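2 protein chains.
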Amino acid sequence: MFLVVEKYGGTSVGSVERINAVAARVAASHQKGERLVVVVSAMSGETNRLIALANEINPDSEAREMDVLVSTGEQVTIALLSMALNKLEVEARSYTGSQVRILTDNVHGKARILGIDDAKVREDLEQGRIVVIAGFQGADESGNITTLGRGGSDTTAVAMAAALKADECRIFTDVDGVYTTDPRIVPEARRLDQITVEEMLELASQGAKVLQTRSVEFAGKYRVPLRVLSSFEDGPGTLITHEVRDMEEPLIAGIAYNRDEAKLTIRGVPDEPGIASQIFGPLSEAHLNIDMIIQNVAQDGTTDLTFTVNRGEYPLAKKLLEEISENLAAREVAGDDTLAKIAIVGVGMRSHSGIAAKMFEALAREGINIELISTSEIKISIGVNDKYLELAVRTLHKAFGLDSDPTEESLGHLGGE
Amino acid sequence: MFLVVEKYGGTSVGSVERINAVAARVAASHQKGERLVVVVSAMSGETNRLIALANEINPDSEAREMDVLVSTGEQVTIALLSMALNKLEVEARSYTGSQVRILTDNVHGKARILGIDDAKVREDLEQGRIVVIAGFQGADESGNITTLGRGGSDTTAVAMAAALKADECRIFTDVDGVYTTDPRIVPEARRLDQITVEEMLELASQGAKVLQTRSVEFAGKYRVPLRVLSSFEDGPGTLITHEVRDMEEPLIAGIAYNRDEAKLTIRGVPDEPGIASQIFGPLSEAHLNIDMIIQNVAQDGTTDLTFTVNRGEYPLAKKLLEEISENLAAREVAGDDTLAKIAIVGVGMRSHSGIAAKMFEALAREGINIELISTSEIKISIGVNDKYLELAVRTLHKAFGLDSDPTEESLGHLGGE
Numbered sequence: 001m002f003l004v005v006e007k008y009g010g011t012s013v014g015s016v017e018r019i020n021a022v023a024a025r026v027a028a029s030h031q032k033g034e035r036l037v038v039v040v041s042a043m044s045g046e047t048n049r050l051i052a053l054a055n056e057i058n059p060d061s062e063a064r065e066m067d068v069l070v071s072t073g074e075q076v077t078i079a080l081l082s083m084a085l086n087k088l089e090v091e092a093r094s095y096t097g098s099q100v101r102i103l104t105d106n107v108h109g110k111a112r113i114l115g116i117d118d119a120k121v122r123e124d125l126e127q128g129r130i131v132v133i134a135g136f137q138g139a140d141e142s143g144n145i146t147t148l149g150r151g152g153s154d155t156t157a158v159a160m161a162a163a164l165k166a167d168e169c170r171i172f173t174d175v176d177g178v179y180t181t182d183p184r185i186v187p188e189a190r191r192l193d194q195i196t197v198e199e200m201l202e203l204a205s206q207g208a209k210v211l212q213t214r215s216v217e218f219a220g221k222y223r224v225p226l227r228v229l230s231s232f233e234d235g236p237g238t239l240i241t242h243e244v245r246d247m248e249e250p251l252i253a254g255i256a257y258n259r260d261e262a263k264l265t266i267r268g269v270p271d272e273p274g275i276a277s278q279i280f281g282p283l284s285e286a287h288l289n290i291d292m293i294i295q296n297v298a299q300d301g302t303t304d305l306t307f308t309v310n311r312g313e314y315p316l317a318k319k320l321l322e323e324i325s326e327n328l329a330a331r332e333v334a335g336d337d338t339l340a341k342i343a344i345v346g347v348g349m350r351s352h353s354g355i356a357a358k359m360f361e362a363l364a365r366e367g368i369n370i371e372l373i374s375t376s377e378i379k380i381s382i383g384v385n386d387k388y389l390e391l392a393v394r395t396l397h398k399a400f401g402l403d404s405d406p407t408e409e410s411l412g413h414l415g416g417e
Numbered sequence: 418m419f420l421v422v423e424k425y426g427g428t429s430v431g432s433v434e435r436i437n438a439v440a441a442r443v444a445a446s447h448q449k450g451e452r453l454v455v456v457v458s459a460m461s462g463e464t465n466r467l468i469a470l471a472n473e474i475n476p477d478s479e480a481r482e483m484d485v486l487v488s489t490g491e492q493v494t495i496a497l498l499s500m501a502l503n504k505l506e507v508e509a510r511s512y513t514g515s516q517v518r519i520l521t522d523n524v525h526g527k528a529r530i531l532g533i534d535d536a537k538v539r540e541d542l543e544q545g546r547i548v549v550i551a552g553f554q555g556a557d558e559s560g561n562i563t564t565l566g567r568g569g570s571d572t573t574a575v576a577m578a579a580a581l582k583a584d585e586c587r588i589f590t591d592v593d594g595v596y597t598t599d600p601r602i603v604p605e606a607r608r609l610d611q612i613t614v615e616e617m618l619e620l621a622s623q624g625a626k627v628l629q630t631r632s633v634e635f636a637g638k639y640r641v642p643l644r645v646l647s648s649f650e651d652g653p654g655t656l657i658t659h660e661v662r663d664m665e666e667p668l669i670a671g672i673a674y675n676r677d678e679a680k681l682t683i684r685g686v687p688d689e690p691g692i693a694s695q696i697f698g699p700l701s702e703a704h705l706n707i708d709m710i711i712q713n714v715a716q717d718g719t720t721d722l723t724f725t726v727n728r729g730e731y732p733l734a735k736k737l738l739e740e741i742s743e744n745l746a747a748r749e750v751a752g753d754d755t756l757a758k759i760a761i762v763g764v765g766m767r768s769h770s771g772i773a774a775k776m777f778e779a780l781a782r783e784g785i786n787i788e789l790i791s792t793s794e795i796k797i798s799i800g801v802n803d804k805y806l807e808l809a810v811r812t813l814h815k816a817f818g819l820d821s822d823p824t825e826e827s828l829g830h831l832g833g834e
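Sequence lines, in order, name chains P and R. Residues 1 to 417 in this note's numbering are what the first sequence spells out, letter by letter. Residues 418 to 834 in this note's numbering are what the second sequence spells out, letter by letter.
Any given hint could turn out to be false.
[Stated by the list, open to error] When the alpha-carbon atoms are kept at most 27 Å apart in a straight line, the in silico DSSO-like pairs for lysine-lysine are as follows: (1) R:Lys-527 with R:Lys-626; (2) P:Lys-120 with R:Lys-527; (3) R:Lys-537 with P:Lys-120; (4) R:Lys-582 with R:Lys-449; (5) R:Lys-504 with R:Lys-449; (6) R:Lys-775 with R:Lys-804; (7) P:Lys-110 with P:Lys-120; (8) R:Lys-537 with P:Lys-110; (9) P:Lys-165 with P:Lys-221; (10) P:Lys-398 with P:Lys-209; (11) R:Lys-626 with R:Lys-537; (12) P:Lys-110 with R:Lys-638; (13) P:Lys-120 with P:Lys-32; (14) R:Lys-537 with P:Lys-87; (15) R:Lys-638 with R:Lys-527.
Calculated directly from the structure, the hints in this document are not laboratory data. The structure displayed is predicted, hence computed values, not measured ones.
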């Protein structure tokens with residue numbers, strides 16, 4: 001029998017009405033003969049309500065107690081969804097993370113899954129029951145409640161699918177799949193039928209909000225077939241695959257962007273071993289998230305280093321870098337907090353040359369100045385002034401043939417009229 | 418070191434402000450050197466909010482899922498109280514019923530405690546931590562979440578106190594102790610410094626709402642010293658003891674009443690073995706709560722049987738009794754749903770005679786007709802028309818010397834002025 005793990009996020013279970021809708025969808029899959037494990041998040045707004053309560057009492061709450069508190073959010077949802085399923089005369093049984101049990105380390109607030117004891121779940125599935133599991137949570141070796149941090153429910157779903165060797169893991173969200181780029185910027189953006197794990201990882205880490213990086217990594221590692229689809233409308237969604245696509249497929253899978261970036265440059269740094277750690281050590285201690293790092297070939301015994309940070313962390317990063325510059329007797333520090341980052345991603349890059357050239361050419365034609373370049377095996381990231389963001393994304397989307405085919409679409413319409 | 422289990426109900430932890438107040442009180446006891454385990458209920462209103470959500474989804478929810486749902490209420494409180502204690506720089510750690518673990522049978526919604534594994538709690542106490550435990554909940558042998566039903570948090574507290582052999586179990590409520598009777602009816606009612614378990618049991622089962630019967634029984638069985646006191650004001654409360662008081666103490670500890678009663682009589686029932694079960698069997702099957710049962714000596718081969726039920730169940734009970742009457746060829750069924758029940762309770766009755774006579778005499782002087790009488794070793798219950806309720810309680814309160822001593826009170830006042 002086809003075994004599926006489905007995950008519904010906070011918006012998908014945000015009200016009694018939505019929970020009933022999810023129950024109806026799950027019950028329908030059950031009727032079709034699928035065996036189902038359903039992972040749910042807290043109802044949207046609930047986690048924030050709980051955190052606000054905690055902050056009112058103690059803005060500096062212990063992470064252990066915060067986990068005890070917020071884990072109630074998903075516990076409410078599993079009970080309500082099971083009740084909704086039982087009303088549809090489908091036998092369902094709920095489990096918290098501790099009950100399953102999902103064993104994690106003891107890093108409260110961002111625990112990592114160490115193992116899953118799926119005995120109860122298997123038994124319920126064999127009895128024909130639907131199993132409803134609280135996402136985002138687990139328990140450490142001593143039974144303390146832990147939470148997995150951002151995107152934790154996705155991780156729970158993928159980990160359950162891996163443990164159960166499920167045929168598919170479906171992540172239901174408020175979008176109907178992974179797009180070639182953000183449709184709010186490029187109306188011609190298309191939903192991808194499939195995308196590889198590696199591409200998805202590059203897109204996710206570049207700011208595409210559909211899936212959390214961690215759950216994709218997990219899916220890649222355990223080869224879980226992952227599908228992203230909408231809980232609000234029917235449709236096939238996007239399948240995240242583990243195989244490289246046919247040669248016929250486009251070279252570029254999608255374009256990601258992040259508007260809120262800033263860049264910092266330290267110039268005239270002595271070109272000596274250990275310099276990079278003397279620069280990035282203090283920044284890392286201040287918990288700054290450094291993204292792209294670019295160092296050019298040294299000249300006259302000194303070098304220039306550029307890196308990007310989130311725009312919100314720019315002032316602190318600049319202040320620290322100026323101190324570092326003084327210590328290292330570097331020449332100067334320069335910065336700019338109007339940066340946007342754009343990345344084109346595609347496994348096809350591995351076997352095709354000329355993609356970077358094509359990218360730079362397309363942008364040059366529009367007069368867009370490229371401030372930074374960084375590449376990986378299947379990705380080319382650039383930094384541009386943020387005023388060019390939309391134009392740059394639209395230009396690249398068109399240049400790499402990602403725009404939806406108007407002929408095809410009108411043919412589709414003709415057929416029905 | 419003095420080990421105390423304290424229990425705070427829903428009103429006592431009903432807001433952030435109240436939780437902070439409880440934390441301050443607990444922290445103060447901790448500073449005094451007491452070792453503390455704190456059992457808390459859900460914030461007032463929370464359980465009802467959750468039940469309303471469940472009913473919206475499925476009015477006929479499975480008890481197992483209902484327990485998963487409502488148990489989140491206490492889980493929220495334990496986290497918030499621990500946070501509030503940590504803010505006061507008192508180390509605190511929270512546990513759900515499953516975590517402690519409080520092992521129960523699997524009767525969801527009204528589970529019974531089978532055992533407590535107090536190892537973690539003891540370890541925390543030894544480390545100088547305050548332990549905060551979710552009341553009202555536990556887990557069965559398979560790890561399913563269970564709840565203990567009405568008054569469950571009191572039961573949790575008493576059971577914890579028994580397991581830990583605590584020096585005292587303090588139940589904090591919105592009243593400052595056990596009174597000789599309801600002060601709303603008798604302004605002269607006095608708070609009792611102490612009362613025996615047996616008296617408390619009789620008072621509780623007669624409608625005194627301070628403590629749930631079950632927790633008092635538990636306290637009696639395991640000889641846990643139990644104290645009822647107010648979480649809103651300081652005071653010694655009432656100690657529920659396991660020893661009979663001194664001879665000097667009043668014969669009667671208190672007077673309980675219940676206004677919402679009804680009586681039913683079946684007359685001319687054949688006086689044969691098995692008749693009582695033929696009458697009460699069907700009533701019990703309909704889940705009617707039968708309270709007092711009175712049967713007089715038979716006359717002419719038939720007998721009359723009277724019993725009381727809650728007023729809300731009167732119509733159903735009457736209908737059933739009429740069917741039973743027909744089957745048994747009894748003479749007739751009579752009933753009255755304007756009954757009130759009053760009970761005087763005191764262990765002193767065991768060694769003193771004439772208490773019933775004194776009770777009946779006092780009521781007769783006020784022209785109050787007694788409709789039913791039922792007695793136990795330490796209690797005399799009567800049924801009267803409910804219009805006499807207040808008058809009867811006041812009369813008995815005075816007759817048995819329970820009114821507060823006006824001389825004493827005015828002396829107290831003189832001292833300060």
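(message) Flag every earlier hint the structure violates by its number, smallest first.
(response) Checked against the structure, the hints that fail are numbers 11, 12, 14, while the rest are satisfied.
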